[in-house]
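Order-wise, the sequence lines are chains U and R.
First residue of the first sequence? That's -2 in our numbering, and the numbers climb one at a time after it.
First residue of the second sequence? That's 417 in our numbering, and the numbers climb one at a time after it.
Don't read these hints as lab results, they were simulated from the structure.
One should not assume that every hint holds.
What the hints assert, rightly or not - Below 25 angstroms or equal to it, Euclidean Cα-Cα: the simulated BS3-like pairs (lysine-lysine) are:
#1 U:Lys122 <-> R:Lys764
#2 R:Lys764 <-> U:Lys190
#3 U:Lys90 <-> U:Lys63
#4 U:Lys75 <-> U:Lys114
#5 R:Lys420 <-> U:Lys137
#6 R:Lys581 <-> U:Lys137
#7 U:Lys90 <-> R:Lys581
#8 U:Lys75 <-> U:Lys231
#9 U:Lys90 <-> R:Lys708
#10 U:Lys162 <-> U:Lys75
On a predicted model such as this, the values are computed, not experimentally measured, just so you know.
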Amino acid sequence: MTSILAVDQVYKYFGGVKANENISLNVEQGSIVGLIGPNGSGKTTLFNSIVGTHPIDKGSIQFDGKEVSTLPVPAVAKLGLLRTFQQTRIYSKLNCIDNMLISAKPPKDNLFSVFTKIPLELNEKAEILLEFVGLYQKRKIRAGELSFGQQKLLELSMALMNEPKMLLLDEPTAGINPTLINGIIDRLIKVNKDFGITLLVIEHNMRVIMQLAQQIFCLAHGQLIANGTPDEIKNDQRVIDAYLGAQ
Amino acid sequence: MNNKIIFYGLIVAFGLVVPFLFPAFKLQISIMLILIILSLTWDVQGGQMGYNTFGNILFFGLGMYICSSFQIGLFFPLAEWTASGGEKTFVHTPTQFFQGFAVGLVLSGIIPALVAALIGYGILGLRGHYFAICTLGLGIAAGELAGGIELVGAGQGMTSPPWPKGIGDTELRSEFFYYICFTLMVCTFLFLRWAYTTRFGLVLNAIRDNEDKAEAMGINTMRYKITGWVVSAFFVGMAGGLMGNMIGYIEPVETAFAGRTFGVFMVLMAILGGKGTLWGPVIGAVAFHIFKEGFWIFFLGWQYVALGALIVIVVIFFPEGIMGWFREKYPERFGEVIDEEDRKAEVKLN
């Protein structure tokens, strides 16, 4: 197994706040990896560092063998490393289909491709993917009119439209109706198995992450405190202390 | 589809006969066409892309100066022309006039476009209010700068070349400029109409709705923002070049970099007609021009008060503009047919 994402001794400070300290983790190609930790432990900061939202203070991040820690956000995304957001970000005044069409990777991407037509066959692909996340009936509705949970599903399908190699999902089940959560777990496993997309998932819902992930990293106070299989993590005293407070 | 062709055909046919239907209003209607161009191009940023700019007036003034300067400078010493009454000493022959006009008009599109690319590279990274304030400064600075350049008449301004003697009268002059304005307006409209059907239009809307998301999805938003501004600057610059020729006199702050009038008008027209729609800015410009001229005739002395009242009413009662209001009222006319069942449908994942 080769590693697709290698985070090596990454430091990120915001003034005096140590958001990420000496974080190293490896994600193997084709796996589903979880990232857990109490609120404010630096999970989202790590995501932002990986995709280039802000520069890191020290360390290196390699995606698919390339150093990405110095690249701007669109360049990282073009390499096939996409992320979704904890607070959904969709194009609220466009309908779902348009949201999907604009997310597809253009065949050519240069100055002359600015005025190219969107290929018609993308419509079909967009509808198939919307069906995949259960939003087919909503396809003509403006994305801003969808509920929060539906927007999360739309964001997932938009990411799939781009055909990434790896997806960073920031709490994919937060705000989603509990009856849908099993469906989402099932979809994410399909994304991983059938589409061959590596997943790195931030999740607070332990039932979800324990079912989903093959390996889990746990952060607390900006530091990596544990990693292992779901069973190892469940029984790790440091993880329990981080969540419930140590004596 | 056929209906659309007939509709567009009727508009073009009407546009072609207007100078003969309303001979007394040729200049007024030409200015209205210029206003339509200004509001259509402002909408590229302000409506479709969600970047409120007050800086497009920069390209208007730039085009005005560039067109006239080349028209004169190609044949006569520009400095002597602008120094005092050069138009009396140097007279364009008809050939010189039209050659100069053609060259000047093309350059008054190209040079502002290049300027837009350069400035855009510098400031399109700013967002929201910061961008708006920054562009507000652009127009003011340009006016002050132009007022200090002796070559183009400094604060006194300069005359644009008068219509050459020996070919027709002022009627022919107004007809000539009317048709050029009409052609430019149609070209602007058709270009934008086409551009909005391409990836360009969709990306501009994406930037408006959530620029961070667009970047996170791998879209090089800067490229699209700059392209959009270059397109606007090109057409606005040409409109400026035309305007300078039509009014015959270029003054740095009042006519060229006229942020207080045209600079504000272009924003108002697009908002009045409906931001972010194709037809909104056109309808807005026509309605605005009619209102404006009406106020000047019937409320002289109070015209700006009446105009202000109109703006207040539009913003309060039609925040989405005329087209936006229709869109909310008759969404099916805009191709937004949504089944009520679909809207209420539960999302299921099995």
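Hints versus structure:
no.	hint	verdict
1	U:Lys122 <-> R:Lys764	holds, 20 angstroms
2	R:Lys764 <-> U:Lys190	holds, 21 angstroms
3	U:Lys90 <-> U:Lys63	violated, 36 angstroms
4	U:Lys75 <-> U:Lys114	holds, 20 angstroms
5	R:Lys420 <-> U:Lys137	holds, 24 angstroms
6	R:Lys581 <-> U:Lys137	violated, 61 angstroms
7	U:Lys90 <-> R:Lys581	violated, 55 angstroms
8	U:Lys75 <-> U:Lys231	violated, 36 angstroms
9	U:Lys90 <-> R:Lys708	violated, 32 angstroms
10	U:Lys162 <-> U:Lys75	holds, 10 angstroms
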